[in-house]
Amino acid sequence: MKYIQKADLLAWLDITAWEKNLIAPRKIGNQILYQPIENSSQICWDYIRPDLSLKEAFFPPTERLFMMKSNSQQVELVESMPEEEKIIFGVRSCDALGVQMLDELFLENIPPDPYYAKRRENTTLIGMTCSQIGADCFCTQVGGAPDDPRGLDLMFKEVEDGYLLQVLSEKGQEIYESLPKASDYYGKMPDRPRGKPLFIGAPESIDWESHFDDEYWMELSDRCLGCRICAYVCPTCRCFDVRDEPIAGQPGAFERLRSWDSCVRENYRQIAGGHNPRAAKGERLRNRFYCKFFYYPQQYHTSMTVACTGCGRCIEACPVNIDISEIISHLLEVAR
Amino acid sequence: MIGAQSYTSIQTNPMLPYLARLVAISDQGEEIKLLQLELLNGGKEAFGEYKPGQFAFLSAFGIGEAPFGIANIPSQGSTMDFAVQRLGGVTTALHELAPGDILGVRGPMGNCFPMEDFEGNDLVVLGGGIGGAPLRPVIQYVLQNRERYGKLTILWAARRPSLLIFQDEYESWQEAPNTELHLTVDEPDEEWQYESGLITDLLAKIAPRPNNAITITCGPPIMIHFVNKMLVEKLGFAAAQNYVTLEARMHCGIGKCGRCNLGDKLVCVDGPVFSMDEVGELLEKFL
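Line by line, the protein sequences give chains A and B. With the numbering used here applied, the first sequence covers 9 to 344. With the numbering used here applied, the second sequence covers 9 to 295.
For reference, chain A alone in the conformation it holds in the complex (with noise of 0.2 Å):
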């Protein structure tokens, strides 16, 4: 294994932070968030995993598709292609892994989104494994790994005094050969973290089908808000609409944008003539559950069972207590 002491890797994110545009985890007010850097003294060290995960990277929040300058008889459309080279640092597997599975949206489900593209083909993803386990996490039980190497292009490890690392990619292979020079690695190796099951049994094992018609559903929807801070803070919650604006300041001059957006709001499914297919709150949150362990899978043949990382982000967002592994839980206890 290579290794590489952890003065030098600093040395090198300083270079780096200096040279290039770097994101790592930093402590902002009382939250951690993938964020650009100045320096390696900004960057967060302990952390189970960021508060946000690292869609926005890829698929921003919101972001202009193209500019419209138009009267009725003239109009042009001006694209907005995202240009800047990211490297973003301290990358949890759960979050390359929801990486992964919007390639397989927004990438290989043809035809491709040259956005997402665009800010994929620009950046470097550089893996920290993760040495201790949330008490929210369940990586491993859908099918990741606290070092998990999938969607990453370098990754590192962290051992006495410095870091193992292992490249994964010609991006990755890049970024080693910028490195400090790496030596071989004879000492300890530390224990796979581990972390308490949150449910017993894996989830592609449930019969979604038979319990589409559940009363759980709608029992469960009681408490919930609509609020969909679960939608924004999922790796791989992925919906978005799209809407007009004016630009201030240019009369004439619109802009179209492409917002993330939820299953779970009210209207989120309502056709013109104003029919809802899911117009109890109880169909909507279901929607959701259904997603990620039932429908995004089959639509898009994902190499995951489920379209969830187990970054266990919802469980703790959640303003009411609603908990994907409990929901996990509950529909195979019923099985049993």
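Check the hints yourself; a few may be wrong.
Straight-line Cα separation of at most 25 Å, DSS-like style, residue types lysine-lysine; simulated pairs [as the list claims (entries may be wrong)]: (1) A:LYS289 with B:LYS273; (2) B:LYS237 with B:LYS293; (3) A:LYS126 with A:LYS94; (4) A:LYS77 with B:LYS52; (5) B:LYS242 with B:LYS159; (6) A:LYS10 with A:LYS179; (7) A:LYS14 with A:LYS189; (8) A:LYS28 with A:LYS196; (9) A:LYS289 with B:LYS293.
Rough simulated footprint, nothing fancy, chain B against chain A, three-plus residues with beta-carbon under 8 Å [to be verified]: (10) 111 to 125; (11) 237 to 249; (12) 299 to 309.
In silico negatives: residues of chain A with every beta carbon more than 12 Å from chain B [as the list claims (entries may be wrong)]: (13) GLU46; (14) PRO254; (15) GLU341.
Everything labelled a hint here was simulated from the structure, so no lab data went into it. Beta carbons are placed, not taken as given, at the ideal position from N, Cα and C, and that holds for glycine.
With chain A held as given, fit chain B onto it using these hints.
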């Protein structure tokens, strides 16, 4: 510059519309207009031989975009047609356009009616209100290739006579060989001389035979449900003989925005055309 931007990038950006010029806009009754467009620049090539049942997004620039079924076949005139009912912001803006105005079009999207598989069959076409729009290309296609199909029975329904679309084409439909047109409205006025009542009442009365027959329905979800129920339970059709085209809210049309899901199906890429044996159960769940 008038629709003169470089289109080289458009081919790779499915979210960027082609420009089109509104050639004509005409009333199709109450709050419904027929928009006839000329595609500019790369649009003509991109749309090529669009098929009956396919749809496209229309952009009223600065207001937004929404999906609509294409209402003609390419060989029928030189324009691409859309029937638009005024319901929200985008449709209101589209109604306010005048000939010569520029709008945006993305598409063609979705699957289509398998018109070749239908050859040799009788066809029963059931349109409810604005739901008749995506069925017009089916009618045009059958009339243009009349010898390839058996009897064509058109059941055309609306809430009121003023909501019946393509009225100036009824005569040509009726005069076509081996073709029948039946009209019904829920709320007839004094001048109304045709049937009144729901489309299912009319369907029961006409009672098309299921042998070598295909039905094609578009209308509100509740109408699709009851039409299929009658076809299957009373008239002896199998669900697989009954085709529908579904409406859904959408924001991309290319299987990404997640909006149009109906269970595990995405209306935009798995549809909008389905046979009822594919989606019958799903529709029940989401009525």
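Take the C-alpha atoms of LYS237 of chain B and LYS293 of chain B, compute the straight-line distance between them, and say whether it is at most 25 Å. holds, 15 Å
Regarding the pair LYS28 of chain A and LYS196 of chain A, is the alpha-carbon distance no greater than 25 Å? Answer violated: LYS28 of chain A to LYS196 of chain A is near 34 Å, above 25 Å.
Between LYS126 of chain A and LYS94 of chain A, does the CA-CA distance stay at or below 25 Å? With Cα atoms ~11 Å apart, LYS126 of chain A and LYS94 of chain A stay inside 25 Å; holds.
Restraint check for LYS14 of chain A with LYS189 of chain A, where alpha carbons must lie at most 25 Å apart: Judged against 25 Å, a Cα distance of about 12 Å means the pair holds.
Beyond 12 Å from chain B, beta-carbon-wise, is GLU46 of chain A? holds, 34 Å
Does the structure keep LYS242 of chain B and LYS159 of chain B at a Cα separation of 25 Å or less? holds, 20 Å
Straight-line alpha-carbon gap LYS289 of chain A to LYS273 of chain B, limit 25 Å: holds, 21 Å
Hey, is GLU341 of chain A genuinely clear of chain B, shortest beta carbon separation above 12 Å? holds, 24 Å
Check of the region 299 to 309 of chain A against chain B for coverage (Cβ-Cβ below 8 Å, three residues minimum): holds (count 5)
Holds or violated: are the alpha carbons of LYS289 of chain A and LYS293 of chain B at most 25 Å from each other? At roughly 15 Å apart (the allowed maximum being 25 Å), LYS293 of chain B and LYS289 of chain A satisfy the hint.
Holds or violated: the region 111 to 125 of chain A covered by chain B, criterion of 3 or more residues with Cβ-Cβ distance under 8 Å? Three-residue rule met by the region 111 to 125 of chain A, so holds; n is 7.
So if I understand the rule, the pair passes when the alpha-carbon distance is 25 Å or less; does LYS10 of chain A with LYS179 of chain A pass? Given that 25 Å is the threshold and the Cα spacing comes to 17 Å, the pair holds.
In terms of the numbered hints stated before, the structure departs from hints 8, 14, listed from lowest to highest.
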